[in-house]
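Work from the hints to combine the two standalone chains into their complex.
Below, each chain spelled out in residue letters.
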Amino acid sequence: GQNGTEVKKFKKFESYKRENQFPPKVRNLEIIVDQKNMTVILPVMGRPVPFHINTIKNASKNDEGEWSFLRINFLSPGQGVGRKDDQPFEDASAQFVRSLTFRSLDGDRYDEIATQISNMKKEATKKEQAKKDMED
Amino acid sequence: MAAMESFDNIYLDLSKDSGKCRFAENGLGWKPSGSSNTFTLDAGDIASAQWSRAAKGYEVKILKRSSEIVHLDGFQEEDQARLVKIFKNWYSANLETKEHALRGWNWGKTEFSKAELVFNVQNRPSFEIPYSEISNTNLAGRNEVAIEFAASDEADTGTNGHLGGARGRGKKSGAGKDQMVEMRFYIPGVTTRKETEGEDA
Chain A
1 GQNGTEVKKF KKFESYKREN QFPPKVRNLE IIVDQKNMTV ILPVMGRPVP FHINTIKNAS
61 KNDEGEWSFL RINFLSPGQG VGRKDDQPFE DASAQFVRSL TFRSLDGDRY DEIATQISNM
121 KKEATKKEQA KKDMED
Chain B
1 MAAMESFDNI YLDLSKDSGK CRFAENGLGW KPSGSSNTFT LDAGDIASAQ WSRAAKGYEV
61 KILKRSSEIV HLDGFQEEDQ ARLVKIFKNW YSANLETKEH ALRGWNWGKT EFSKAELVFN
121 VQNRPSFEIP YSEISNTNLA GRNEVAIEFA ASDEADTGTN GHLGGARGRG KKSGAGKDQM
181 VEMRFYIPGV TTRKETEGED A
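Order-wise, the sequence lines are chains A and B.
According to this note's numbering, the residues represented by the first sequence are 1 to 136, in order.
According to this note's numbering, the residues represented by the second sequence are 1 to 201, in order.
Keep in mind that the hints were calculated from the coordinates and are not lab data.
All clues stand as given, with none of them false.
Stretches of chain A that chain B covers, calculated by requiring three or more beta carbons in the stretch to come under 8 Å of a beta carbon on chain B: (1) 9-23; (2) 36-47; (3) 101-115.
Backbone N, C-alpha and C define an ideal beta-carbon position, used for all residues, glycine too.
Next up, chain B with everything else stripped away, as it sits in the complex (with noise of 0.2 Å):
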């Protein structure tokens, strides 16, 4: 294997301009084009990867061992191999191919794994909501509990914002011209109830 890996046109979280993105032993870099600023991550931050179809193309979401998450969009889908390969080799991690839920159902199972709340649909993560995104949280209801997001101006891109246009943290709902701003889930009740409380309804 050659000492680096490039990728052109991708996109490091949210961001507006495309970039180059280079895998090397000792980590990855991503710069976006017509630009000097290099964003760079270190192999020992690696701690797991997975591979999905995301908007624009395949991407590599990373966990930090910090919990935090890097996003990498726009690979084809012929990149997978190499990218596991480089996975594997240079950073002892295993890029897990992860499949989305298609079906286009709103009921299934939440889980809340390190970083993100996963809403799962017949065991298919469906989407994903990291927990640096939620502004506010709030009991909207009996059985509705609403998810707040911080929108920002699409100028206003955060921490990373020199990165070509790349959402820093809170910021990735104002990535696109329509900015998620709330969600709300129903989730049954599971309080037990005295039978004698339940009599009057």
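Just chain A, same shape as in the assembly (with noise of 0.2 Å):
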């Protein structure tokens, strides 16, 4: 499939099917990175909002001052250029939640977070990677 006419396809991803499967620190109101569900669990106004390792594009920490801000940004249409945006979407004319800023004293803490989705982001890749090669 090397002939550049090719199309993705969008391919069903699913976070968790019952509440239940939810990691018990959700009831801290914190983020929590599911390795084993491959899922960032997001608290959104009291609420842990899980997000699959699929929709997201990259995580990011900053400082300023005693504070420390992650960016979580998600992939929706029209970003980037070129390869990026051949990127395939189930619904391109849905809305899409871009992106999403925390801020902490616990800077140590964002550090290791944004190392624990950028690896499983790769891990992530690398399973899409090896299954299209077995395809091939």
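Below, the structure is given as structure tokens:
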């Protein structure tokens, strides 16, 4: 399939089926990287909200004074140029959460979370590539 | 039914401490353990109520007639039947069950309800943002809308600060150690373009 005209297809994915699959830590209203389910759980107004690694573009940490900021960028249409734009979407006419930014006084924790998310993203990309190689 | 129904380990509006929540015919009350301050809500102020899974356990979310939201988290799954009865018999309200989206998708549809912005994934709410928590919004780029939240120190709990750390209006994002300060949405263009304008792109 290296002929350049290949159309990438959107592949379905799912973080959880039932609420009791959430890690118990969700009660702390904190960011959780759930390696087992390839999902990042983000606290939004008191609710744990899962985002599958396939929706995440990257995560970055910045410092400003005593505060650290963790920004999670999600994949959405019209981002980037060229290659990145052939990212398949199930429904490109939908509305997308494009980014979420959190702040904390614990910068080391945000370094760790950003690294965990990056590693999980790499792992997911690797798996995807391995699957594709098998199909070729 | 008893004249009073009581539940322990309930959190009011993302409060730091849990408390006792009591329901009676004329309304409900919540009191943090070891405090004499009590939050009360009159039966007549209750417009509607929802039952969902939340962070501490199950939540009862009440929409007041004034379009404000009261959030009670920490109920057990088996409390549902009792609470449905309480709301039906005492407040003539249907405690509606709302299941949230768990797929982990970031695309869906925003809906503007009376008190909240709701982001729906496959017709299920993924999350809700009460309007009272939004400090600013702006058009951050083409098809991009940014919503800002007033983060506040954990010590600063706002108007209901004396109530076991319950978060007052506009202070909810400060409840945990991870405080949400900004959310951006991609909104596909709906502007109608004249054909001539599209050509130079």
